[in-house]
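Asks: Residue-level listing of the chains:
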Amino acid sequence: MRFLLLVAALVGTLGCVRGCTSSRPPIHPIPNMDDQPRYEAQAASDFFSDGMTMRTPVAGTVARNPLPLATWTDSRFMTGRDAAGEPVLTIPVAVDDALVIRGQDRFNIYCLPCHDRRGTGRGIMFERGAIPTTSLHVQRIRDASAGELFDVISNGVGLMPSYKYPLSPSDRWAIIAYVRKLQAEHDE
Amino acid sequence: MGAIGGAVMPLLAVGGIWYFGSPEYTDVGYQPHQPIPYSHRLHAGELSMDCRYCHASVEVSAVANIPPTTVCMNCHTVILRDSDKLALLRESLRTGEPIHWLRVHKLPDYAYFNHGVHVRAGVGCASCHGRVDEMEVVRQVEPLSMSWCLDCHREPARHLRPLNQVTNMRWSPPPDQLEFASGAIGDRQLKPPTDCSGCHR
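Chains U and E, in that order, give the protein sequences. Under the numbering used here, residues 1 to 188 are what the first sequence spells out, in order. Under the numbering used here, residues 1001 to 1201 are what the second sequence spells out, in order.
Keep in mind that the hints were calculated from the coordinates and are not lab data. Don't be surprised by glycine CBs; every beta carbon is placed ideally from N, CA and C. Careful, some of the hints might be misleading.
According to the in silico footprint, chain U covers these stretches of chain E (three or more CB under 8 Å from chain U) [to be verified]:
| # | stretch |
| --- | --- |
| 1 | 1015-1021 |
| 2 | 1029-1035 |
| 3 | 1047-1061 |
| 4 | 1075-1088 |
| 5 | 1107-1114 |
Chain U with its partners taken away, still in its complex shape (with noise of 0.2 Å):
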């Protein structure tokens, strides 16, 4: 009964009870060692002059990338081009269902809000924008090669983004490989 009172006194002065919606960050009556004088990811610092905690790579650096050396020196594989700078005609990896499976995984999640989940276009920015958005299932794109799918994601074209730092050079053949399953089963 008393715990009750002082419960209903102490919310009466805090004005609170638990779980109510506030805007002050919490407080920590016991502050233990819950901050500690280190930094985190993406906060700010005032060490670095720029105020960031999180360092941009000097230019000209190369990435410990967990691919083999074959792989990522691999200008077909990395950049979709050729040794003469030509797109490739065909996707540099072999395809299969486990490619295509995480294709479409990606393509939902980066591809999907403008281009609809078949690839038709109608997605958000031009159902609520009227913003036109290119169908994967028109010609020019079923015509186009493998590489110039693969340069379209890694850089944008026309109000297109690119898309090469979600999506390692790995996805984007996947989300080719995808897009072009999609051309085969819709006709639109």
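Please arrange chain E on chain U, whose structure you already have, making use of the hints.
Replies: This is chain E only, laid out in the frame that chain U set:
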């Protein structure tokens, strides 16, 4: 009176600390005002965008990244390009100064949580973050306390999903959830640690 007070006061003190000192009181409900009125309800709910469109590192990194300004501008160079609400965003793109988003969910610095491990194990985003797709402004709904973590580490079955449903905010457990989960625990070789060094290094 003195004797009764002597017995009751410690109880009151303990009860008060338990009630007001627990993360259920101190942390749950934290909903900071963000610098841009970004709506998860609109983007993740109404538009059904996948969490990973913006939080792209969540499957492979310990940290679920806050997206850089350029990700917002993938669409907003075209959509609402003159909106006053997005003035700060355009300024950020021009100057390179990041948006100072305020962090909502924060574990103590001695707990080493890894997003990627949990996502790849099949724990849904909503298990810890709640129905973000229904929140106009994100708010902490779970205590993120040690006992709360351990509840799931000891009994993960209710929270395990098919791997392609992790980010689906509308997913609910099917009737055969426990059966599915025991299979998933075996297939994915899940051994949620309950020893100290699992999270505290």
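Asks: Hint by hint, where does the structure go against what was stated? Just the numbers, ascending.
Replies: none
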